[in-house]
Structure formats: C-alpha cells, structure tokens
Amino acid sequence: METFVQLVVNGLGKGAVYALLALGFVVIFKATEVVNFAHGSLVLVGGYLVYALKDSMGWIGAAVVGIVSAALAGLVLERLLAGARNADHNGLALLTIGVDVIITEEIVRRIGADIPFIGDPYDSQPIQIAGLTIFRTQSIALVVGAVLITAFFLAFRFSSWGVAMRAQAENREAAALMGIRSSRVTATAWLVAGALAGVAVLFMATQDFSGAGLGRGTHAIALIAFPAAILGGLDSTAGAVVGGLVVGLTEALSAQYISFEFSKSAVFLVMLLVLVIRPSGLFGTKELSRV
Amino acid sequence: MLSVRGLSVRYGRSVRALESVDVEVGGDAVLAVLGGNGAGKSTLLRAVSGTLKLHGGSVTAGEITFDGRRIDRLDPALVVRQGVVAVPEGRQVFARMTVEENLRAGGLGARSASTRASSRERVRQLFPVLAERAGQRAGLLSGGEQQMLAIGRALMSDPKLLLLDEPSLGLAPQMVGRIARIIREIHEQGTAVVLVEQNATMALQVADRAAVLEVGRIALAGSAAELAASDDVQRLYLGGHAESQAQAESEEAEARAHRGRKVLSRWAG
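Respectively, the protein sequence lines represent chains A and B. Just so we're on the same page, my numbering is the position in the first sequence counted from 1, plus 24. Just so we're on the same page, my numbering is the position in the second sequence counted from 1, plus 18.
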C-alpha cells in the first residue's frame, strides 16, 4: 500500500510536468493550428541556459533566465513560422521538425560528454513522511504545476487575453472582425508555451525524474507530452492537464508493476486505447449543435 | 465616409470576383447591395473589412478609403480600430463561448473602456434577449438570436460603419422583419450601415440607397425607392421575397388577432 501511495504521488508529480508541456503544446495548436514538433527543443533551450549559468549567477537567477529564454525561443520560432507565408499547417509542422533537430543537435554538441542535472535545490533529497519515501522533485513539481495551471486557467477563462485566444481558436475570421490582432494572440501563445517548457525542464533534467540528465534523454521525455496532449484532445486545455496526469500515473504504475522498459510503451498504449474509443481525445472538440 | 473606387478583386490567379466597382457611403445612409449568388456581394464586404486574404483573395486594382484614410491594405483588426466593423455571412458567433463572452470579444476592438460601457448599454437596449441568455453557449441559441448576438457583438466596439452580410439568411420571415427594424434603429442611432442581401424586399425597405451587383460589376445604383420601382429589380429580385414576406406579415397579423380572441374554457368531458 505504501508503495502504491508513493507511486501515485510520484506519478502525479511527473504528470504535472507533462501537463505543463502538453498545455503549451495545446495552446500553440489552438492559436495557430500548427502541431509544434519543436517543443522538446524549447525545453532544451531553457535547460541549457540553467546548466550554463547556475554556477556563475546562482540557481534561482539561472532558472529565471532559462524560463525567459525558452519563452523567447518560442517567440523566435513563431516569427520564423510567420515568415513562411505560403506554407500550410502541415508544411509548418514539418518546419518545426527541422528546427527541433537543429536546436537539439546544437545543444547536445555544446553539452558534450557531460550529463548535467539542473534541479540542485531539490534533486536527490527524498522526503520521508509517515514511513513513505517521496521524491522531493516530484512533490515540488506537483505544487508548482498546480499553481501555474490554476493561474493559466484563470487567465484563459477571465482575462481579455483568454477571451481573445479562445475567440481566435474558434473562428479566426470572426475574431479578426472583432479587432483581435491575430499576430499578437499567436505570439503570446508561443511565449506562454515556451515559458511553461522552461519551467518543466527544471524538474525533468533531474536524477529523481528519470536519471537521464539534460540532453537527448530530456528531449525524449518531452516527447511524452505528445500522447498526453493527444489523449486529452489536441484542442483542449483541460484535456492537456488530464492527459498529462494520466500519462504520469501510467508511466509510474506500469514501471513498478510491469517493467521499467514497458512503461514508455504503456503510455502510448493508453493513448491508442483512448483514441479507439474517443477519436477526438477525452476532451477534444465535438461540434455543438442545437436540436 | 466610405469610398470604394475602381475596386477589382481576384481569388487565386484566375477567378475575378469584382471589376472596377465604385461605391460611396455617407454617414447618414443605409446602403443596400443586392445581387444573386456569386455576384460579388460578400467579396465587397471582405475587401472593405480586410478579410479577403483569409479567403485567398486579393485586391488587384482600386482603393478603399474610410474618412479619407486608405484601409485596403490594413489588417482586419486595424480596420475595426478605424470604426468599420463587419458581421460576416452565416453569423459566425463563437459557438463554444457564452453570449456574455461573445459580447466581451466584440468589445476588445473598442477604443476605450467608456466606449465599451456605453456600447454594452446600447446592445442591452437593442437586444434584451441577449441579457437573458448571458450565460448560455452561443451555439445553442436559435438562428434569430444568433443573428442578434452577431450584430450586438459587432456594435460593442461602437463602429461608425456597420457592414452586414446577409443578416436575413436562414431566418423565418417574422424574424427577418424584426432584424430589419433593428437595422433601421441602429442607423437612427447614428451608425451608417452597408447591408448586403439577397432578400431584396427586406433590403429595399430598410435602405435609403441601393446598388445591384451582377457578376462582379455594379449594374444599377440609385435610391432604394427608385430601385424598388425598377422593372429589372422587380423581375429579378423582388418576385419571390415580396410575396413570401407580405404573406408572412399578414399571417402574423392574423395570428395576433386570433391570440387576442382566444379564451380558456373548461373541458366538460
């Protein structure tokens, strides 16, 4: 029973990180209808700056720079895609694959043989509560994820930015006719997604999360955000959060009760199962109509 | 106010939608633009509101000015900032958002918070039903209510010129009459209106002036009364609608009279 509770807490912690990634992924898709395959490289940009700067400017300063840089990297990518005026959504998605390879390879080259971990204040410091051993990284990730996701949903639901964002996601032409500037909505979507990726990497490149370290390992973990977003429903922000938590729990439980090697496949099996039953994902859009 | 001169529009490389179209709209008028399917009516509104690009179209010649300023190369959001707001064909309310959120989205193009507040009051008075439905998803409103929401949403930024694309489309005749009265009221409150319509009877009742588009060119233009009296307009555009609307209005009057007479009586088994 203790093991199960530990697994659930750790799984939810991982799930919160996947939810942050999936949320960014979904926000970009809603604003632009582009599937951003470069999300993993935004994660690496943030992580790399933390790795490069934490010794000279301290962990907190480096983390802030990392988050801001990942957000700005998102904005640069958005400008790049905006420049490809004649490309359709599929073409732009392919373009993001190219960008992803370039950024990832460059960062991996810069890191070299090192396998850096960037969660210094909390990594490898398990918490003992009532006989349970819980990873500190996952616990903090769960709290940070809950705070950020709540803030995001409040802004999405109530702020003018949220109204503009939802209006554009639903009907680009009607939104433009309301005076909503499409380019600004799109730019803020990439900024928000980049910032969330910058936060996520602070927990991903740790011993506690996967032991993989910053580099290709972190990039591979970021890809788990795709099944999270897809099984939640590609255009649903709530779906991204639920999808993230389902993926985190599936991974943690299957790694313990089946095998560690199987855990990644289990995530995709769950995604397939959901898609067979609900092709638009758990919370994906189905047309509303009056009968 | 709005001046369209020598406007030509194409979709892609070969489809010519408008050829050298000239239209003038003063601040004190409702202009009706009539024409059949494919005549270029919606294209004209898209060119003015800046949304041609979203439909793969482009202006190939001519210019559009509003209050002396060129608007044909502006982003649609900036056209709204100039005071020109369009209600697109098919209403296009944000179906998954509530009525209140739709109106809020409409207010995002307003010049100031005070404009937004006064516009909200105006919309509340014009469309009391929208206040009753504030928390309801727009996609679940009836067609007529959606049209009211689309117009109300457009009024939220307090436009100087309102462009309406087929507001009568798909509505019951009684609702068409109601929308026509609302358009007149909006105009009397000081907003100029361009009304694109296939329903010529309704459009000519509401409008002061009218123009007929045929295959991308202005075929006829003049006062609404002149066009209503024209044989060509009578033959081509007024036949069906005039009958159906007159019939609907007489049926409505009869139903009203009938309701007045109706008394409840006890069922005696």
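Incorrect hints may appear among the rest.
Stated by the list, open to error - Derived DEER-like restraints, expressed as beta-carbon distance ranges:
| no. | chain 1 | residue 1 | chain 2 | residue 2 | range |
| --- | --- | --- | --- | --- | --- |
| 1 | A | R302 | B | S130 | 40 to 48 Å |
| 2 | A | V92 | B | L72 | 29 to 37 Å |
| 3 | A | F177 | B | A152 | 16 to 24 Å |
| 4 | A | L299 | B | V147 | 35 to 43 Å |
| 5 | B | R142 | A | I84 | 46 to 54 Å |
| 6 | B | R129 | A | E57 | 46 to 54 Å |
| 7 | A | L299 | B | E107 | 32 to 40 Å |
| 8 | A | L296 | B | G30 | 20 to 28 Å |
| 9 | B | L72 | A | R302 | 44 to 52 Å |
| 10 | A | V171 | B | L72 | 34 to 42 Å |
Unchecked claim - Residues from chain B that keep clear of chain A, each with C-beta distances beyond 10 Å, as calculated:
| no. | residue |
| --- | --- |
| 11 | D46 |
| 12 | N55 |
| 13 | G56 |
| 14 | S67 |
| 15 | R88 |
| 16 | P94 |
| 17 | A113 |
| 18 | E119 |
| 19 | R122 |
| 20 | S136 |
| 21 | I200 |
| 22 | R202 |
| 23 | R227 |
| 24 | A243 |
| 25 | E244 |
Don't read these hints as lab results, they were simulated from the structure. No residue lacks a Cβ here, since even glycine has one placed at the ideal position from N, Cα and C.
*Within 35 to 43 Å or not, the Cβ separation of A/L299 and B/V147?*
holds (41 Å)
*Taking 10 Å as the cut and beta carbons as the points, is B/E119 off the interface with chain A?*
At roughly 6 Å from the nearest Cβ of chain A, B/E119 sits no farther out than 10 Å, so the non-interface label is violated.
*asked:* According to the definition I'm using, a residue is off the interface if its beta carbon is farther than 10 Å from all beta carbons of the partner; does B/S67 meet that for chain A?
replied: violated (6 Å)
_Separation of B/R202 from chain A, once the least beta-carbon distance is taken, above 10 Å_ = holds (22 Å)
*Was B/I200 rightly flagged as not at the interface, with every chain A Cβ beyond 10 Å?*
holds (19 Å)
*Given the range 29 to 37 Å, decide if the beta-carbon distance of A/V92 to B/L72 lies inside it.*
Between A/V92 and B/L72, where Cβ atoms are some 33 Å apart, the hint holds.
*Taking 10 Å as the cut and beta carbons as the points, is B/E244 off the interface with chain A?*
About 32 Å separates B/E244 from the closest Cβ of chain A, which puts it past 10 Å; holds.
*Status of B/A113, Cβ more than 10 Å from any chain A Cβ*: At about 5 Å from chain A, B/A113 fails to clear the 10 Å cut-off, so the statement is violated.
*Could you check the hint for me, namely that A/L299 and B/E107 are 32 to 40 Å apart, CB to CB?*
holds (35 Å)
*May I ask you to test the hint 34 to 42 Å on the CB atoms belonging to A/V171 and B/L72?*
This hint holds: roughly 38 Å between Cβ atoms.
*Closest CB of chain A to the CB of B/G56 still more than 10 Å away*: Holds, because the least Cβ-Cβ distance between B/G56 and chain A comes to about 20 Å, which exceeds 10 Å.
*Assertion that B/S136 lies outside the chain A interface [Cβ separation over 10 Å]*: holds (17 Å)
In this structure, the hints that do not hold are numbers 6, 8, 9, 14, 16, 17, 18 and 19, in rising order.
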